[in-house]
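Participant: Sequence:
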Amino acid sequence: MQMGVFRRFGVFVTVVLSVLASTLLLGASAAQAAPTPLGKQNWVVSVAGFTDAAGSNYLRLGYLVFDPSSNAVQHNFWTWSQRDYPVPVNSGDVYYCGEFQPGTNPRNNCAIKTAPGFTGDPNGHFTGTYAYDSTSGQVTITWTSSTINGSTTAVNLGETWAVSELHPGLGRMQLVNDTYSITSGYAYGSNASLAQTGKASMSEIRAAQRSYKYEAHSWNKLKVTTVARGSGGSFTVDTTWNACTDGSCLGHVQKNAGCDAASCCPNPGTPAYDACVKKLADSGDRRFYYLTGDLGGRRNSYEFWCECLSYDGCYLGNSHVRPLLQVIDDAGTFQGWVGAEVSPDRSGTRVMDGEYYSAFAMVA
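Read left to right, the sequence shown gives residues -33 to -1, 1 to 331 (mature numbering (1 follows the signal peptide of the UniProt record, and there is no 0)).
Hints may contain errors.
Claimed, not checked - With a cut-off of at most 27 Å between alpha-carbon atoms, the simulated DSS-like pairs for lysine-lysine come out as follows:
no., residue 1, residue 2
1, Lys246, Lys190
2, Lys190, Lys180
3, Lys246, Lys180
4, Lys222, Lys245
5, Lys222, Lys246
Said to hold, decoys possible - Label pairs and their calculated CB-CB ranges:
no., residue 1, residue 2, range
6, Gly251, Thr111, 53 to 59 Å
7, Asp227, Ser36, 22 to 28 Å
8, Lys222, Thr18, 32 to 38 Å
Since the hints were derived computationally from the structure, they do not count as laboratory data. All values reported here derive from a predicted model rather than from experimental measurement. Note that CB positions come from ideal geometry on N, CA and C, so glycine has one too.
The whole structure should be built from the sequences, with the hints applied where relevant.
Facilitator: In structure tokens form, the structure reads like this:
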């Protein structure tokens, strides 16, 4: 669904999150005329449309809501196209931790960045119908109307998802087929509310001390790669993460992180290069992680970058930027995230080949 695809199908109406929370969350008492996938109505989803070529890649991150009384489904989402140069923006949260052990704190007073538009309401909206076959374990979705930035058009977009139960009270879906241009998708769902009141706080996530299995469909250097759930390691949040003084965010320092001189130290063969290489070795090769919970709905966002890219201040260049939506099970327990990496080149003269885009999930 690169923006070229969007233009073919028309542009979509912005849907405010408050409307999503108050009108799209469908009551569990509704008549079961069309069973929802595993009986779950509210899902968070990340979708990618990638090709080997630069410039034609896009992502969707948002909510799926199934209506069992009418077999209707709605999808409210944020979308980013590589062609449109989605330069990250400040999330509105600034990392500051006043109490920490030496060597454990990422740089203070740095604004945590997120993808453009993610601080506001979803800019995309699909409506359509669905059919869930519990025997085959698949749900088929047909989108019939799409809206973006105020204009609506009729469409006919098909998706087929494999449905499984990851844990009691938590469903998982993975894209297996489509009729347009998406190439991968991950979704997790339950009957927990999508409103902000159901979201886990940063302190709760830190205190849980859990690891979340990584799965991803990614684009970088003109190549598309896929990592199956659990085969690419885990993302762990525990008490080694420092809490922001105001409770809105977390920060972490990873040592021996694989930040190399080729990425951090310009002008090989010069004294400045040699000094940079030495400092990289002496500092312990550290990567800084910032995670903010200071956004509405299920939204979080995290950013990470190598310390060697900016020893003297906050790094404003090519960090990795990943908006997130929390995965919550039927019991209201936080289980991880689905997310999208939106990391275009911001070095000055844009080189698309080296940019990073990904649809992914990190779920326990």
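Participant: Determine for every hint whether it applies to the structure shown.
Facilitator: Verification of the supplied hints:
1. With a C-alpha separation of about 33 Å, the suggested pairing of Lys246 with Lys190 is violated against the 27 Å cut-off.
2. The straight-line distance between the Cα atoms of Lys190 and Lys180 is roughly 23 Å, inside the 27 Å bound, and the hint therefore holds.
3. Between the alpha carbons of Lys246 and Lys180 the distance comes to roughly 33 Å, so the proposed pair goes past 27 Å and is violated.
4. Among the hinted pairs, Lys222 with Lys245 is consistent with the structure: their alpha-carbon atoms are about 16 Å apart, no more than 27 Å.
5. A threshold of 27 Å between alpha carbons decides the hint, and for Lys222 with Lys246 the separation of about 14 Å falls inside it, so the pair holds.
6. In this structure the hint that Gly251 and Thr111 lie 53 to 59 Å apart at CB holds, the actual value being about 55 Å.
7. Separated by about 56 Å at the C-beta atoms, Asp227 and Ser36 break the suggested range of 22 to 28 Å.
8. As the Cβ distance of Lys222 to Thr18 is approximately 37 Å, the hint placing it in 32 to 38 Å holds.
Hints 1, 3, 7, counting from the list given before, are not met by this structure.
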